[in-house]
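K.L.:
Single-letter residue listing:
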Amino acid sequence: MKNWPLWEVFVRSKQGLHHKHVGSLHATDEKMAIENARDVYTRRSEGVSLWVVESKHIHASSPSESAELYDPANDKIYRHPTFYDLPDELEHI
Amino acid sequence: MADIKSLEEKFQSIVDAETKIEPKDWMPEAYRKTLIRQISQHAHSEIVGMLPEGNWINRAPTLRRKVGLLAKVQDEAGHGLYLYSACETLGIERDELFDQLHSGKAKYSSIFNYPTTSWADIGAIGWLVDGAAIMNQVMLCRTSYGPYARAMVRICKEESFHQRQGYEILLTLSKGSEEQRAMLQDAVNRWWWPSLMMFGPTGKESTHSAQSMKWKIKRKTNDELRQQFVDISIGQAEILGVTLPDPDLKYNEETGHYDFGEIDWEEFWNVVKGNGPCNKERLAARVKASEEGQWVRDAAMAYAEKQAKRKSEASKVA
Ligand SMILES: [Fe+2]
Ligand SMILES: [Fe+2]
Numbered sequence: 001m002k003n004w005p006l007w008e009v010f011v012r013s014k015q016g017l018h019h020k021h022v023g024s025l026h027a028t029d030e031k032m033a034i035e036n037a038r039d040v041y042t043r044r045s046e047g048v049s050l051w052v053v054e055s056k057h058i059h060a061s062s063p064s065e066s067a068e069l070y071d072p073a074n075d076k077i078y079r080h081p082t083f084y085d086l087p088d089e090l091e092h093i
Numbered sequence: 001m002a003d004i005k006s007l008e009e010k011f012q013s014i015v016d017a018e019t020k021i022e023p024k025d026w027m028p029e030a031y032r033k034t035l036i037r038q039i040s041q042h043a044h045s046e047i048v049g050m051l052p053e054g055n056w057i058n059r060a061p062t063l064r065r066k067v068g069l070l071a072k073v074q075d076e077a078g079h080g081l082y083l084y085s086a087c088e089t090l091g092i093e094r095d096e097l098f099d100q101l102h103s104g105k106a107k108y109s110s111i112f113n114y115p116t117t118s119w120a121d122i123g124a125i126g127w128l129v130d131g132a133a134i135m136n137q138v139m140l141c142r143t144s145y146g147p148y149a150r151a152m153v154r155i156c157k158e159e160s161f162h163q164r165q166g167y168e169i170l171l172t173l174s175k176g177s178e179e180q181r182a183m184l185q186d187a188v189n190r191w192w193w194p195s196l197m198m199f200g201p202t203g204k205e206s207t208h209s210a211q212s213m214k215w216k217i218k219r220k221t222n223d224e225l226r227q228q229f230v231d232i233s234i235g236q237a238e239i240l241g242v243t244l245p246d247p248d249l250k251y252n253e254e255t256g257h258y259d260f261g262e263i264d265w266e267e268f269w270n271v272v273k274g275n276g277p278c279n280k281e282r283l284a285a286r287v288k289a290s291e292e293g294q295w296v297r298d299a300a301m302a303y304a305e306k307q308a309k310r311k312s313e314a315s316k317v318a
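Taken in order, these protein sequences are the chains called U and V. For the first sequence, position 6 (counting from the first letter as 1) is numbered 6 according to this note's numbering, and the numbering increases by one without interruption. For the second sequence, position 68 (counting from the first letter as 1) is numbered 68 according to this note's numbering, and the numbering increases by one without interruption.
Any given hint could turn out to be false.
Stated by the list, open to error - Computed list of lysine-lysine pairs in DSS-like fashion (alpha-carbon distance at most 30 Å, straight line):
| hint | chain 1 | residue 1 | chain 2 | residue 2 |
| --- | --- | --- | --- | --- |
| 1 | U | K2 | V | K280 |
| 2 | U | K56 | V | K309 |
| 3 | V | K20 | V | K157 |
Said to hold, decoys possible - Covered stretches of chain V (chain U as the covering partner; in silico rule of three or more C-beta atoms under 8 Å from a C-beta of chain U):
| hint | segment |
| --- | --- |
| 4 | 24-32 |
| 5 | 79-87 |
| 6 | 92-98 |
| 7 | 111-124 |
Everything labelled a hint here was simulated from the structure, so no lab data went into it. Note that beta-carbon positions come from the ideal geometry of N, C-alpha and C, so glycine has one too.
Please work from the sequences and hints to get the whole structure.
P.N.:
Right, here's the structure in full:
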């Protein structure tokens, strides 16, 4: 048996929110992927919009590189508002 | 190779800290294998589980019952698909999973090897079989493997409707004629013990339990879940006015739980080994569906490939 291509499915649950990854499915093309995604992932009005992306097109960062990728942000506390000393009586800032 | 041990220790400390393991993270080979076995077995159970209930869709007594049952069976297909999807993140292909089911190499829950001989069975399945499954699945919402836990959260949200539609079927029968009440009691008599067996072997014989608990794939033992299920079923049976077919069922003041009779483990292992009332029929139905659908899948793929080729040729010309 030959597998149909694998697709990743993303659902926007309501207007104003990001699409969120919900899982995957197999389909021959994008049209079938959307139709199947509707039946598999939105049977109870969980979404107002669907994205499908063929899984082979997704490039992911590697967990073994996570130190190089994310550690540099750890010591940059000056990127956060609480880093700056301001008097308590100051308002609306 | 020397650092396999340190990788394993690091892995365990991540699990112990209640951080989820995600697909690309390092994991012990045995953890991956255990998950593939468990998740695929779970997926197959959802798929095969459609068969006993599908048997009654076009004989449902009212339209209300029919739409309810149809939606439930469709959900079970969905559950199978969420789980296959979770399983594939571990590096196994869908067709391989199907092959394992069709060849008999992979197991599915033995409960689906029992026949549905009356309409009351549909109610009993919703109440007891889905009820027992929920007990297990609620625990699995906190399993250590991220994709499996997320699939379980989705599934649990849908399951409560399954159990309620089943219970309502039984409740209606319980208020019906004498024949209907007898039908209800008969269904409960046949489904009670197999439902208790769904939790799997008892402590001593449960081979995978200890390691699975350590890896936090499982959070409770088979026996703990089974006891929990027995305890909550008593009151639900009372409201239906049915007796559970176990003369040893009795509240134990000391433990605060209900004691229950010895499970017929010989029957359990016999059905697991393929000798239940419907094992052959269930598997044959899956194999037939797969074989007879092959040309459709091939045709759909060929069509999509042709369309894609045309599209790319057209864009070259333009
Ligand atoms: Fe299910
Ligand atoms: Fe269910």
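K.L.:
Confirm or reject each hint.
P.N.:
Evaluated hints:
1. Distance hint between U:K2 and V:K280 is fulfilled; the C-alpha atoms sit about 25 Å from each other, no more than 30 Å.
2. Taken as a hint, the U:K56 and V:K309 pair is honoured in the structure, with Cα atoms around 18 Å apart against an allowance of 30 Å.
3. Pair hint V:K20 plus V:K157 holds up; C-alpha atoms about 20 Å apart against a cutoff of 30 Å.
4. Coverage of the segment 24-32 of chain V by chain U holds. Counting CB-CB distances below 8 Å, 3 residues qualify, and the rule asks for three or more.
5. Counting residues of the segment 79-87 of chain V whose beta-carbon sits less than 8 Å from any beta-carbon of chain U gives 4, enough to reach three: the coverage restraint holds.
6. For the segment 92-98 of chain V, the assignment as covered by chain U holds, since 4 residues bring a beta-carbon within under 8 Å of that chain's beta-carbons and 3 suffice.
7. Counting residues of the segment 111-124 of chain V whose beta carbon lies closer than 8 Å to any beta carbon of chain U gives 0, which falls below the threshold of three, so the coverage claim is violated.
In this structure, only the earlier hint numbered 7 is contradicted, and the remaining ones agree with it.
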